[in-house]
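Residue numbers (our numbering), protein chains in the order written: chain A, 14 to 122; chain B, 8 to 95.
Be a bit skeptical, because a hint or two may be false.
[Stated by the list, open to error] If you want a taste of the chain B side facing chain A, the calculated C-beta under 10 Å gives, among others:
(1) Val16
(2) Gly22
(3) Arg24
(4) Trp26
(5) Met29
(6) Gly41
(7) Val46
(8) Val49
(9) Ala57
(10) Val67
(11) Val68
(12) Lys70
(13) Leu71
(14) Ile75
(15) Pro93
Since the hints were made in silico from the structure, they are not lab data.
The structure presented is a predicted model; accordingly, all values stated were derived computationally and were not measured.
Ideal Cβ positions, reconstructed from N, Cα and C, are used throughout, including at glycine.
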Amino acid sequence: MSGNRRGAPPKRDSIFELSKLMDTMVRVKCLGGRELRGVLRGYDDLVNVVLEDCDEFLRDPMDMQIVTDETRKLGKVVIRGTQVSLISPEDGTEEIANPFLGADDDGED
Amino acid sequence: ATKLLPLEVIDKSIGTRVWILMRGRTEIVGTLRGFDDFVNLVLDDAVEYAPDMRNGGQMVVTKLNSEILLNGNQIAAIIPDSNGPPDS
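Okay, chain A solo, but in the shape it has when bound:
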């Protein structure tokens, strides 16, 4: 183990290039529960993100875990990469019937 000097650490490629989603409508979920949706206009290595024509999905004031379909307009937004938990394209998502409903019995597998 003699004198193995480290230069720059090897550059790791990201497994997903946000360049693929540029100028498309994306949904960004944040830590803490905020959900925003807008057109992806920019980003950086730390996954800070710029969205244009952005809306925020409002949450139920009684229960902040419930995200409603109501939105408010925000406009151009910079989202902090440290707070991003998910970025997904709007095109290619669809709502499906709730698979968790109708569980009347115990120990449902």
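Since the structure of chain A is provided, determine the placement of chain B on it from the hints.
Leaving out everything else, chain B in the frame of chain A:
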């Protein structure tokens, strides 16, 4: 068009009113004076919109009326050139 860099968008908004969404339900509006690598912000004439937990979570508006240092740790989103939540 080439992509916008988020930190450049923030930089361009120095001197304008910005609307900050924090991780919880708190929001802050202020005139952006500057920021650092961690996106801690210096804001002037800041106004805080925070839920009042002693009053059923209604939003309470507090004029902070001075320059503040807003810790970047809890900042979720920055909306440049904005006066904040529209009055109901």
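Hints, verified against the model:
Hint status for Val16/B relative to chain A: holds, with the closest Cβ pair at about 5 Å, below 10 Å. Contact between Gly22/B and chain A, as hinted, is not supported at the beta carbon level, the nearest pair being about 16 Å apart and thus beyond 10 Å. At its closest, the beta carbon of Arg24/B sits 13 Å from a beta carbon of chain A; the interface hint therefore is violated under the 10 Å criterion. Taking 10 Å as the C-beta cut-off, the interface hint given for Trp26/B holds, the closest approach to chain A being about 8 Å.
Because the beta carbon of Met29/B sits about 8 Å from the nearest beta carbon in chain A, less than 10 Å, this interface hint is met. With 10 Å as the threshold, the beta carbon of Gly41/B stays out of range of chain A, its nearest partner Cβ sitting at about 15 Å, so the hint is violated. Hint status for Val46/B relative to chain A: holds, with the closest Cβ pair at about 6 Å, below 10 Å. For Val49/B, the interface hint is violated, the least distance from its beta-carbon to any beta-carbon of chain A being 16 Å, above 10 Å.
Annotation: interface hint on Ala57/B violated; nearest CB of chain A at approximately 14 Å, more than 10 Å. Hint on Val67/B is violated. Least Cβ distance to chain A is approximately 14 Å, over the 10 Å limit. Taking 10 Å as the C-beta contact cut-off toward chain A, the hint placing Val68/B at the interface is violated, the least distance being around 17 Å. A distance limit of 10 Å between C-beta atoms decides the matter here; for Lys70/B the minimum to chain A is near 22 Å, and the interface restraint is violated.
With its C-beta approaching chain A no nearer than about 21 Å, Leu71/B sits outside the 10 Å limit, and its interface hint is violated. Annotation: Ile75/B was flagged as interfacial toward chain A, and the flag is violated, the nearest CB pair being 18 Å apart, outside 10 Å. Taken as an interface hint, Pro93/B checks out: its beta carbon lies about 8 Å from the nearest beta carbon of chain A, inside 10 Å.
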